[in-house]
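Which chain is which? The protein sequence lines are W and Y, in order.
Sequential numbering from 31 applies to the first sequence in this note's numbering.
Sequential numbering from 13 applies to the second sequence in this note's numbering.
To be clear, the hints were calculated from the coordinates, so they are not data collected in a lab.
Built from N, CA and C at the ideal position, the CB exists for glycine as well.
Please note that a few of the clues may not be correct.
[Stated by the list, open to error] Using C-beta positions, here's what the derived DEER-type ranges look like:
(1) Gln26(Y) with Glu82(W): 42 to 52 Å
(2) Pro127(Y) with Phe99(W): 47 to 57 Å
(3) Ile42(W) with Gly67(Y): 42 to 52 Å
[As the list claims (entries may be wrong)] Partner residues aside, some chain W positions facing chain Y, computed with beta carbon under 7 Å:
(4) Glu133
(5) Ala134
(6) Phe136
(7) Gln138
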Amino acid sequence: KAGVTQTPRYLIKTRGQQVTLSCSPISGHRSVSWYQQTPGQGLQFLFEYFSETQRNKGNFPGRFSGRQFSNSRSEMNVSTLELGDSALYLCASSFDRGRIGTEAFFGQGTRLTVV
Amino acid sequence: GENVEQHPSTLSVQEGDSAVIKCTYSDSASNYFPWYKQELGKRPQLIIDIRSNVGEKKDQRIAVTLNKTAKHFSLHITETQPEDSAVYFCAASNPSGGGADGLTFGKGTHLIIQP
Numbered sequence: 031k032a033g034v035t036q037t038p039r040y041l042i043k044t045r046g047q048q049v050t051l052s053c054s055p056i057s058g059h060r061s062v063s064w065y066q067q068t069p070g071q072g073l074q075f076l077f078e079y080f081s082e083t084q085r086n087k088g089n090f091p092g093r094f095s096g097r098q099f100s101n102s103r104s105e106m107n108v109s110t111l112e113l114g115d116s117a118l119y120l121c122a123s124s125f126d127r128g129r130i131g132t133e134a135f136f137g138q139g140t141r142l143t144v145v
Numbered sequence: 013g014e015n016v017e018q019h020p021s022t023l024s025v026q027e028g029d030s031a032v033i034k035c036t037y038s039d040s041a042s043n044y045f046p047w048y049k050q051e052l053g054k055r056p057q058l059i060i061d062i063r064s065n066v067g068e069k070k071d072q073r074i075a076v077t078l079n080k081t082a083k084h085f086s087l088h089i090t091e092t093q094p095e096d097s098a099v100y101f102c103a104a105s106n107p108s109g110g111g112a113d114g115l116t117f118g119k120g121t122h123l124i125i126q127p
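Extracted from the complex, chain W is given alone in its bound form:
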């Protein structure tokens, strides 16, 4: 079956602009989470969507937002980009059988560079 697909793979944006990233989960997976990955900081949790609702949110400013569509595809948006937003953005999907612990499948990520 197809894996988690993220588009685009690479983006270069200018400070102050906004950007939208897309994530298509594995078919049947209802939970989609977003992570920011920077060197030395590991996988920092942004937010999680489940059945079109944001279920949890990490400690990121309001410039970071997201949504999930009825087909479970998710988008995240970053407005007023700052240099520090340069990172690899990963999304992960899971079937989520009620938080009993299942494998999360990651996409290849979107490499965002802010100049």
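Knowing the structure of chain W, use the given hints to seat chain Y on it.
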């Protein structure tokens, strides 16, 4: 919320030797502990996981141990090979966790296998 600490941040071992990566977690409600491997330029992928009702699990050269009382778990890689070079992330999942299926990740360990 859950907090996962991972050590060391960098580990260099000679090819053929063993490597051990350790993680501690804070929330006693966590019940699922996966380990992910991320090779350079690739997505994180699950390599082994363990549930809270099990103390140890092995899969060929890799094993994970869990001490629920002390709230720590470890990844053991024996007979290391060059292809084991990667960043390894531990994670803990609990029903109220914020990430994919409630996962909270450690900051990662960069494992370097010296020829």
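* Asked: Against chain Y, is Ala134(W) within 7 Å by beta-carbon distance?
  -> 4 Å, holds
* Asked: Once the shortest beta carbon distance from Phe136(W) to chain Y is found, is it less than 7 Å?
  -> Holds, about 4 Å.
* Asked: Taking the beta carbons of Pro127(Y) and Phe99(W), is their distance inside 47 to 57 Å?
  -> With a Cβ separation near 48 Å, Pro127(Y) and Phe99(W) satisfy 47 to 57 Å, so the hint holds.
* Distance restraint hint 42 to 52 Å, applied to the beta-carbon atoms of Ile42(W) and Gly67(Y) -> Distance hint for Ile42(W), Gly67(Y) holds at roughly 48 Å.
* Glu82(W) and Gln26(Y) - C-beta distance against the hinted 42 to 52 Å -> Holds, at about 51 Å.
* Can we keep the Glu133(W) interface hint, with Cβ of chain Y closer than 7 Å? -> Because about 5 Å separates Glu133(W) from the closest Cβ in chain Y, which is inside the 7 Å limit, the hint holds.
* Could you check if Gln138(W) really has its C-beta closer than 7 Å to a C-beta on chain Y? => 5 Å, holds
Every hint from the earlier list agrees with this structure, and none is contradicted.
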